[in-house]
Amino acid sequence: MRRVDAYHALTVVAPGIADRFRPGHFVTVAVGGPRTSTLTRRAFAVHDVKPDYGGTVELVFTVRGAGTAWLADRRARDPLDLIGPLGRPFPLPRDPATCLLVGSEYGAAALFALADALQQRNCRVDFVLGAASSDRVFGALRARRMAETATLTTRDGSLGVRGSVVDVLPGVIADTHADVVYACGPMSTLSGVTAVCAEFDIPVQVSVEELMACGIGLCMTCTVPVIGDDGVTRMTRACVDGPVFRGERVRFDDVGTIPFDAHGAPGGDRAR
Amino acid sequence: MRRVDAYHALTVVAPGIADRFRPGHFVTVAVGGPRTSTLTRRAFAVHDVKPDYGGTVELVFTVRGAGTAWLADRRARDPLDLIGPLGRPFPLPRDPATCLLVGSEYGAAALFALADALQQRNCRVDFVLGAASSDRVFGALRARRMAETATLTTRDGSLGVRGSVVDVLPGVIADTHADVVYACGPMSTLSGVTAVCAEFDIPVQVSVEELMACGIGLCMTCTVPVIGDDGVTRMTRACVDGPVFRGERVRFDDVGTIPFDAHGAPGGDRAR
Amino acid sequence: MRTYLAHVELPNPILTASGCAGTGRELAPFADVTRLGALTTRTITMAPRAGRPTPRMAETPSGLLNAVGLQGPGVDVFLARELPWLAERGARTVVSIGGGSVAEFSALARRLTDAPGVTALEVNLSCPNVEDRGRVFARDPSAAGEVVSAVRTAARYDLPVIAKLQPDVADVVAIAKACVDGGAEALSMINNPVGMAIDVDRMRPALAAGTGGLSGPAIRPLAVKCVWQVHAALPGTPVIGMGGVTSGRDALELVLAGACAVAVGTVLFHDPYAGHRVLRELEELLQERGFDRLADAVGLAHRPSHRTDREESLP
Amino acid sequence: MRTYLAHVELPNPILTASGCAGTGRELAPFADVTRLGALTTRTITMAPRAGRPTPRMAETPSGLLNAVGLQGPGVDVFLARELPWLAERGARTVVSIGGGSVAEFSALARRLTDAPGVTALEVNLSCPNVEDRGRVFARDPSAAGEVVSAVRTAARYDLPVIAKLQPDVADVVAIAKACVDGGAEALSMINNPVGMAIDVDRMRPALAAGTGGLSGPAIRPLAVKCVWQVHAALPGTPVIGMGGVTSGRDALELVLAGACAVAVGTVLFHDPYAGHRVLRELEELLQERGFDRLADAVGLAHRPSHRTDREESLP
Ligand SMILES: Cc1cc2nc3c(=O)[nH]c(=O)nc-3n(C[C@H](O)[C@H](O)[C@H](O)COP(=O)(O)OP(=O)(O)OC[C@H]3O[C@@H](n4cnc5c(N)ncnc54)[C@H](O)[C@@H]3O)c2cc1C
Ligand SMILES: Cc1cc2nc3c(=O)[nH]c(=O)nc-3n(C[C@H](O)[C@H](O)[C@H](O)COP(=O)(O)OP(=O)(O)OC[C@H]3O[C@@H](n4cnc5c(N)ncnc54)[C@H](O)[C@@H]3O)c2cc1C
Ligand SMILES: Cc1cc2nc3c(=O)[nH]c(=O)nc-3n(C[C@H](O)[C@H](O)[C@H](O)COP(=O)(O)O)c2cc1C
Ligand SMILES: Cc1cc2nc3c(=O)[nH]c(=O)nc-3n(C[C@H](O)[C@H](O)[C@H](O)COP(=O)(O)O)c2cc1C
Ligand code: FES
Ligand code: FES
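Chains as they are written, first to last, in full-length UniProt numbering: chain A, 1 to 272; chain B, 1 to 272; chain C, 1 to 315; chain D, 1 to 315.
Possibly wrong hints are sitting among the right ones.
Computed from the model, here is a short list of chain C residues facing chain B with C-beta under 8 Å [what the hints assert, rightly or not]:
id, residue
1, C20
2, T54
3, A87
4, A91
5, A143
6, A208
7, G210
8, T211
9, H276
Calculated from the structure, these hints are not laboratory results. Only a predicted model underlies this, so the values are computations on that prediction, with no experimental measurement involved. For each residue, glycine too, the CB sits at the ideal point set by N, CA and C.
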């Protein structure tokens, strides 16, 4: 357990997960210990895996509520109950391409393993990382070291450009001639990023976050309206069918609703 | 936190409790930590108080279920939430007397502070301590050291006399010419001790144990049928009106029932 | 942070729940009972009652089962020894009453109505109706309405009558409406739903009585639902919310659902200081959210929702 | 550890609860679905359903609120793609069905009754009745009985019909009796009681749908009570117990109360291996207590109590 600015970084020995990990995967963690009243697992993107001790997994998180507070309290060698790797990872380009990685707040954490994988495939990598304030911009140093360019933004202007990652995106895309964008962060950010990419007509892969009760496809609580290959919008599980989707397929404006034209939307049948 | 044979001994810095402690008092402990699903406090007799660190309180317990398991896991300097001292302590004889202290299992723990107090009043103290097996006889050494006599019993015969504290009681009372008996242990033991004392026509003070949701007189879950000074049986709270009662006042055979002649027993009025 | 139960003003909205604060005396070492919004007595019955055999409690996940059986000394001793102690100190006292028949409820109301120190009467409808094979009044709109109206008639016109409801009914709104139609000025909810635990070692019910009332945080979602539904149907009726409140956040949840006062029950067993703590926490939360008056927050979660709400909650 | 649902034998008494095991495929990486007593499908509806908007879940103390809204692809896709996967593997499948009218339930029963791999039909009575202003069938004995009897008539005579009940009703025994009179061979309980949570930061209901179903250990005392009461009234009717089971001890609690099978629901979200774990733990506990057959433990806590019981539990 380490502190990294506003974040906690937690390294867990988990060879089974480290082995099968691909960038974009997440894990779920049981929180609260025995007899806890907090029932649901918490989802975290895998920040990094290392070969130490047979395979370790690193998570980066902010304390939000009870579960993350408990997690931040763990001491070395405390056992932890993880399930993973989960979800559909980021698809990688077949041929070398220029890839722009956009991360907001802790969303940035998921992008570094992706950057490694892309560089191994001889892709050019650029970063745009943003947050509310400088201490919440995750991985700025590492991004600067490894990428062609790294543009930083903060809402309060305490680091880099004042504003959001979306504000600087058109400029960065133009400068880098990005072929594809990968984005991680809150829905509103992903929505903005997707809109910019549509303007530039370049593909964008987004990793979405929706409340998850199970993380493994059982419960149907994590659905997002996503347009399928057949053009039909379905309430699609973020945990097993995502969390990575093609940005233009996600109906960001309709998140939190059932779009009237979604498959099975209310109208005919009315059972609960 | 120490292990003493089958027991855990836990020392807590609690000057406010140590200050006001008298033998027979108990405390309640919140278990499970933040967001636990275990709501009720656990009651423990105070084994000892010491002046260190402004005043410490020592508890002795066996692991029974979730709460005591959690307690056994505490490490040095972990904070603990205690309320106490609670209950009515053992009444002490005005004049020097021969006092026989009878403890079964962890019930023995509550008797040593009492023995100290009695000896300070120039009482003679004898012990009868018993348990299922030798590792569960608490405080045998200390009893031997401090008391005139210490008779030990185990159900399996692994230490002292094979049998229960009740079995040896008539002999010990006869030998020691006890003026008064104090007893701590399960209801069945207290019932047996009280019956023997009745035969010898000597007073007995028993400390009873009933499930307690609050320990401070709010909830009425801890009641025991006790005969009052006026001869009327009332469902009496063990936590604030006890846990120490005169043995002959407790209707042991009727514990777990509402005696038909108890004040307010069903018959006339029937609201829930 | 004043609040009103009908026309009666309370200095603050935190009450104790019936059966969870003893006679007031037991709480006194931990809390100044006069600084509570009000103290609710355990349910007072006409005759003394010995209650149920022990075991009377069992712990369940985030919950507590109890089967105390309304143990108490009866209304005469209550009036002679318990109420005066509270009245002398100036505590506001809501007297909970219970009976097995409409007649018993109205007799209790008559006995209590002129006693000094009674702030309101709370009608505990979770009592078995001896005239209906023990079915509790709270489960039947007409029986509930009848009891309330008898109490309303028997009590002095200016003494508010509060009806206390239970969540395990087919339609809590129907019961609430019947009570208001019967003359209840306020509603109290929720009383314990009936639950049960089995001791798997003894292979017996954990409680001597078999079933018991479930309380504690486990039931808070049921309480929020009842308060929400009843406030939606009867926005003008003051509601005392209770059920698993342990913190100011929990109290605020009930306030936003529609409660204008909140009672603490089971939490007192764990933290007898909880009354004042919950009040302080609630005040802070309201302040942080820019409320000057409690009344402005009551039922606020009912306002029509905006699409931007979700974005606002994102980091 | 065999058990029987009516005449259908199950190799063991641990099932999955409806809506908690996906289509079976999602559970497969964690559990051999063919080694479960049976897998219960999520409730299948006639037409495809998109369900409710998100947020669809909220955590409560020892509980989970959900408002998924029976999202699913409809019975045609279920028969074409989901059931065959289970049937090929030889899993026993209880198909849960839901509709807004009696006609819809019986149409579903007709569609499903001859499909290979259907072990039993579970009638989810917690569906709003469009013909009764959305009141759920489970809350009204006559509506519940009518649905069950329509399903019983439409289904093949040898396919057991299980009625699934909800605890937040005035009298669960009355509903159970109506279902058995309507032809239900077994009962499943409990479905989620309705609950609610308010997000005190957004000052809005935590679920987009407002209210939701409460599940998890918080509701176990309500489940034990329902199973107990129904087993006492209808000792010959097999009961599938569920509601907050997380361990063999919890399962045994329901068995002792009267369940001959036990379903795991919410616990799978936390521990997808729970089905087999609970089975193993239950087997061990029964062995420790000297039971050779599950049937000998079913309802055992109902036997008349002896005065010595309490002493036995002392150390
Ligand atoms: C696929 C995925 C990847 C994630 N990766 C990260 C990460 O790398 N670092 C990080 O800090 N956070 C990440 N999150 C968010 C993280 O799951 C929440 O911050 C965490 O669950 C909050 O738990 P809590 O108990 O502290 O908060 P509480 O608010 O007390 O949680 C209450 C409930 O809401 C759920 N919840 C609350 N906020 C969120 C949220 N934003 N997303 C999903 N569920 C939520 C919790 O799981 C829990 O069930 C990720 C979420 C998802 C779905
Ligand atoms: C006045 C008093 C003094 C006590 N002194 C001691 C002591 O010095 N040492 C010691 O080891 N134990 C003592 N006990 C018993 C101790 O309280 C229980 O062992 C403990 O509560 C068990 O908690 P658990 O969570 O481990 O068990 P669980 O069985 O999981 O507890 C479940 C619930 O039952 C209650 N409970 C279970 N067993 C008992 C019991 N025997 N008495 C009261 N409540 C119980 C718990 O408080 C809890 O509410 C005393 C009890 C009382 C009433
Ligand atoms: C031990 C105990 C005793 C109770 N006695 C009464 C009572 O006498 N009358 C009554 O109306 N409610 C009684 N209740 C119910 C509470 O007043 C309250 O409605 C319920 O417990 C929900 O609140 P809580 O979860 O905060 O405890 C009792 C509850 C408990 C736990
Ligand atoms: C996410 C979720 C979805 C559910 N969907 C259904 C359903 O489709 N049909 C149904 O009859 N019950 C459904 N239930 C209820 C469960 O089958 C079960 O009756 C209830 O949750 C109690 O068991 P548990 O506490 O073990 O989850 C659902 C429960 C949950 C948590
Ligand atoms: S979180 Fe359960 S299906 Fe996605
Ligand atoms: S434990 Fe609550 S009154 Fe005794």
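Ascending list of hint numbers which this structure does not respect: The structure breaks hints 3, 4, 5, 7, 8 and 9; every other hint is satisfied.
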